[in-house]
Amino acid sequence: AQKVTQAQTEISVVEKEDVTLDCVYETRDTTYYLFWYKQPPSGELVFLIRRNSFDEQNEISGRYSWNFQKSTSSFNFTITASQVVDSAVYFCALSESGNFGNEKLTFGTGTRLTIIP
Amino acid sequence: DVKVTQSSRYLVKRTGEKVFLECVQDMDHENMFWYRQDPGLGLRLIYFSYDVKMKEKGDIPEGYSVSREKKERFSLILESASTNQTSMYLCASSLRTGAGQNTEAFFGQGTRLTVV
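Those sequence lines, one after another, are chains A and B.
Residues 87 to 203 (my numbering) make up the first sequence, in order.
Residues 7 to 122 (my numbering) make up the second sequence, in order.
The hints are simulated quantities; they were obtained by calculation from the structure and are not laboratory data.
Some hints here could point you the wrong way.
Unchecked claim - Computed spacing ranges between beta-carbons, pair by pair: (1) B:K19 with A:Q155: 37 to 47 angstroms; (2) A:Q143 with B:S88: 43 to 53 angstroms; (3) A:N153 with B:E23: 45 to 55 angstroms; (4) A:P203 with B:R15: 21 to 31 angstroms.
Stated by the list, open to error - With a straight-line Cα cutoff of 16 angstroms, these simulated EDC-like cross-link-like pairs (lysine to aspartate or glutamate) come out: (5) B:K77 with B:D57; (6) B:K76 with B:D57; (7) A:K89 with B:D65; (8) A:K124 with A:D172; (9) B:K76 with B:E36; (10) B:K77 with B:D34; (11) A:K156 with A:E112; (12) B:K9 with A:E130; (13) A:K124 with B:E110.
Stated by the list, open to error - Here are some chain A residues the structure puts well away from chain B; computed CB gaps all over 12 angstroms: (14) K102; (15) R149; (16) S157.
Here the structure is a predicted model, which is why all the values come from computation and not from measurement.
Beta carbons: idealized from backbone N, C-alpha and C, even for Gly.
With the sequences and hints as input, model every part of the structure.
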């Protein structure tokens, strides 16, 4: 069965510091997809990134970057020069290969990030 | 923009009532999902539908049922609400592209249900 672990329940950093959110996953599939979502105080989950298991290239999008390492089954998320607007709950999620019924997402328990002004 | 709309933002129901949570998406997505979100537990899948009239149980289906009569609408039904079903309920949809290309899910704003 697939599983996602986000060991950091809550993190607080001072504005402009860098912060890394950890995500470790378990799956028996060789083809799978990893996701990060942001849930601001308004409650709606916002999609940030999708990565498939064959693409281990790191990705950077502005202040956000993601480090995917199959050897350690990790998909970590780094925010550089954090801002107060980054305060949210962040979820890592996994879905296995896209056969019918396998497209569902399994979520971690989330990391609540607070950026202190 | 993809839009997933849940019928209510906040709902208060009494124990034993039958409760309907409605979700509509406007992007012709094949897949639709119902999750519940509880502190410390993240999001847990209740039911999943990959086509009209098709449904699959998720990780915590007990006490719930679903209905998908039209592609754009996915309803979650609490047959007899209980206090342990007090939670945030999130609906989502995603596109099936074929060839095993799982796409991201788009979420509604959530329904906070309180059962008293």
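Results of checking the hints against the structure:
Evaluation of the 37 to 47 angstroms hint for K19 of chain B and Q155 of chain A yields a pass: the beta carbon distance comes to about 45 angstroms. For the hinted restraint 43 to 53 angstroms between Q143 of chain A and S88 of chain B, the CB-CB distance of approximately 47 angstroms keeps it satisfied. For the pair N153 of chain A and E23 of chain B, the supplied restraint of 45 to 55 angstroms holds, since their beta-carbon distance comes to about 47 angstroms. For P203 of chain A and R15 of chain B, the Cβ-Cβ distance of about 29 angstroms falls inside the hinted range of 21 to 31 angstroms, so the restraint holds.
A threshold of 16 angstroms between alpha carbons decides the hint, and for K77 of chain B with D57 of chain B the separation of about 7 angstroms falls inside it, so the pair holds. Of the supplied pair hints, the one linking K76 of chain B and D57 of chain B holds, its CA atoms being roughly 9 angstroms apart against a limit of 16 angstroms. Distance hint between K89 of chain A and D65 of chain B is fulfilled; the C-alpha atoms sit about 12 angstroms from each other, no more than 16 angstroms. Proposed proximity of K124 of chain A and D172 of chain A is supported: the alpha carbons are some 9 angstroms apart, at most 16 angstroms.
Between K76 of chain B and E36 of chain B, the direct Cα distance comes to roughly 10 angstroms. Compliance with the 16 angstroms bound is thereby established for this hinted pair. The straight-line distance between the Cα atoms of K77 of chain B and D34 of chain B is roughly 7 angstroms, inside the 16 angstroms bound, and the hint therefore holds. Restraint check: the Cα-Cα separation between K156 of chain A and E112 of chain A comes to about 10 angstroms, which is no more than 16 angstroms; the hinted pair holds. With a CA separation close to 11 angstroms, the supplied pair K9 of chain B and E130 of chain A stays within the 16 angstroms bound.
Restraint check for K124 of chain A and E110 of chain B: the C-alpha separation of about 13 angstroms stays at or below 16 angstroms, so the hint holds. Under the 12 angstroms C-beta cut-off, the non-interface status given to K102 of chain A relative to chain B holds; the minimum distance is some 29 angstroms. For R149 of chain A, the requirement that its beta carbon stay farther than 12 angstroms from each beta carbon of chain B is met, with the minimum near 20 angstroms. The non-interface label for S157 of chain A is consistent with chain B: the shortest C-beta to C-beta separation is roughly 22 angstroms, beyond 12 angstroms.
Checked against the numbered hints given earlier, this structure breaks none of them.
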